[in-house]
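Could you slot chain B onto chain A? The hints should help.
There are 2 protein chains.
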Amino acid sequence: MNAEILAIGSELLTPQRMDTNSLWLTDQLNTLGVELTMKCVVGDDRDRLTAALRDALERTEVVIVTGGLGPTEDDVTRDAAAAALGRSLVYRQDLADGIAERFRRFGRKMADINLRQAYLVEGGEPLDNPNGTAPGQWIDHDSRIVMLLPGPPREMKPMFSHHCLPRLEKRLPAQVIRTRFYRVAMMGESDLDALIAPAYTKYANPVTTVLAAPGDVQVHLRARCATAEEAEALCQELGVQVEALLGDRIYSTDGAPLEAAVGRLLRNRGETIAVAESCTGGMLGQRLTAVAGSSDYVLGGFVTYTDALKTQLLGVEPALLAEHTAVSEPVAQAMASGARRRTGATWAVSITGEAGPESSTGAKVGTVILGFEGPSGPGARTVHLFGDRDRIRTMATQAALEMLRRQLMA
Amino acid sequence: MNAEILAIGSELLTPQRMDTNSLWLTDQLNTLGVELTMKCVVGDDRDRLTAALRDALERTEVVIVTGGLGPTEDDVTRDAAAAALGRSLVYRQDLADGIAERFRRFGRKMADINLRQAYLVEGGEPLDNPNGTAPGQWIDHDSRIVMLLPGPPREMKPMFSHHCLPRLEKRLPAQVIRTRFYRVAMMGESDLDALIAPAYTKYANPVTTVLAAPGDVQVHLRARCATAEEAEALCQELGVQVEALLGDRIYSTDGAPLEAAVGRLLRNRGETIAVAESCTGGMLGQRLTAVAGSSDYVLGGFVTYTDALKTQLLGVEPALLAEHTAVSEPVAQAMASGARRRTGATWAVSITGEAGPESSTGAKVGTVILGFEGPSGPGARTVHLFGDRDRIRTMATQAALEMLRRQLMA
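Protein chains in written order, with the working numbering: chain A, 1 to 410; chain B, 1 to 410.
The following block holds chain A by itself, in its conformation from the complex (with noise of 0.2 angstroms):
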């Protein structure tokens, strides 16, 4: 079965956007055996929008259409289905009755304009968008299937989970899918992947994946067998193999980020950890609470942007900071020890260096520090990281949470 997807938004035809929803969608798609054939992106515009529609229609099976179920004027997407299948559009006074309620329970007024959204395509049925005002669409016609899904990736890709994956899979031959997942933090794509391609270059299926992200590298094997036995066995096999080579530096089977892995091992032990954040300033208190159930081993921390602030708040010694500048090991050492001592944690980790444009202490930019003091005391390294101001701070949480990971394994 082949598919094609429309992107809807004449922002997307901007030089500064683009159409990512439809990567998550290809990857849906190829874990059912679905090929993704063409995609297009297409302006809020009736016309082109139906006429791309009739030509989906006539090359593909599956056509998922993308944005434009907005309640305003340029929100053209149900109209133009409508037009490109030769159907009317029905008001349905559940999907209105849904939307106001959904504005009465957030104690918002509904403008009369979200009424537009209550349309469906003749014969459509309605999908469920629990995360906004947009009902979802999938149509049936002829032998083909029409899907019309919001565009903001919140409200997509939960109603293409639970509405259309299901509705797909009833139309596949069988065939079942098992999958190995490894996250690595702080090693190279390319290191990495000259690594483990000995071990998984000698498969066709499962077929792997390497993904790469700032400080972050997910491999992903996929096998496709006509039973669960096979498929399981085949991951399995290769799966050893580059388990074996990555080692340690896997921190997470199940693609849960790297705070999350860092705060399963302090739940399990039972510790506590508190940051002190210069250059970052807060984004790895940010993401070591962007985990829910945080809370069992967060307790807190300190953003101290100015030198000032880190004596004040962390204790560190004026004649520290003069000897050394801020960007030092020492300091960085200091300021862990000063938020380990003033919460009571049982690990804190600093985080301070320059991350640009400017260097304000002379240290090249993407000098970062990493401290820690945990219970067998404190220690500090220095990382070199390259790229824009919000690379680095990214990459400095991301190698702050590595270290803090490898502290806690030890």
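There may be inaccurate statements among the hints.
Unchecked claim - Capping the alpha-carbon separation at 30 angstroms, the derived lysine-lysine pairs in DSS-like fashion look like this:
no. : chain 1 : residue 1 : chain 2 : residue 2
1   : A       : 109       : B       : 364
2   : B       : 109       : A       : 157
3   : B       : 170       : B       : 109
4   : B       : 157       : B       : 170
5   : B       : 202       : A       : 109
In short, the hints are calculated from the structure, not lab data.
Coordinates of chain B only, in the frame set by chain A:
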């Protein structure tokens, strides 16, 4: 004049890869006043690409194809273009000589398959490629233009700049683009649209685009005219109306995010800020310090995830916590007061609330309290947010920044 872009390559239809060439090309086209009306990704499939090219030529004046000009079997762009235009492919000895010469220059042996790159769509002009073996092609077809460009950005970009841009300029009527840009925080997209639609729907030029993200709406006006004066006058005419309707809700007219707008106000007033965060765990500090140069006004702050740290680090009275819980206006206010007192900042902003998925205080998930203290005293307000943990935390920091902005302007 309108354009479409076709990006060719099966790898661009995987979950891992995107066509980014089109972003750069769109920027180049927009500068000339050429509008991108659609863009598509097509795999390495001759028939699909032929059909996609035919469809594009029916819709639009300029079709730019990137990729698929390599020497291998799955490079099908030349074949498909010839088929779509109903022309033959002509072997050009001069192109073959050029490719052979390039191989000689780098001391490499040319494979026979490279001679495929010496075929030109009949009537087309070859475009020189100093950075690769694949020549580009410029084809005039009736009143249409088709460009075939190589996929690698370092080959495509110089070819477009040196050969395509000058040719396009000659075809275009003189046209100038002027824009206006507004950002508004914590206002619903449909409420904002209802407010300004009466003004902008009167104008087909400028084109108005409304874009929403959690807690943030962007309004974009773009006028295209023969002269800069006309375009500027149209932007001004509509801009004045939009500005009057949105008033001081507009926090940015140059695209800067809310944390930068707040930072600018603080810098202009020579004032400083400290934060005290509970449920956002550092995200507010992280956002404030994401702005380059924020050390001019950010002192630092506190992450007090536990009640004990709210007392120890910020001096919030245990009795206050016991009476009102941590998710209350008195506690939020006391957190801000404590942060201001202990850092000496002009302003302090606090955030405490239930980000979910579970509630620890009994307050409903999404209940967030924002506290502040400035030169004229403390205050607090309660907001009710919805969505998942990440959205609630993002909205909480957005609401806190907007509250601070209004305090700074008061």
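- Message: What's the verdict on residue 109 of chain B and residue 157 of chain A, does the C-alpha distance respect the 30 angstroms limit or exceed it?
- Response: 50 angstroms, violated
- Sort out whether residue 109 of chain A lies within 30 angstroms of residue 202 of chain B, counting only the CA atoms. 26 angstroms, holds
- Are the Cα atoms of residue 109 of chain A and residue 364 of chain B separated by 30 angstroms or less? OK: residue 109 of chain A and residue 364 of chain B at ~20 angstroms, within 30 angstroms.
- Holds or violated: residue 157 of chain B with residue 170 of chain B, Cα cutoff 30 angstroms? 19 angstroms, holds
- Taking only the CA atoms, is the gap from residue 170 of chain B to residue 109 of chain B under or equal to 30 angstroms? 40 angstroms, violated
Hint compliance for this structure: hints 2 and 3 are not met, and every other hint is.
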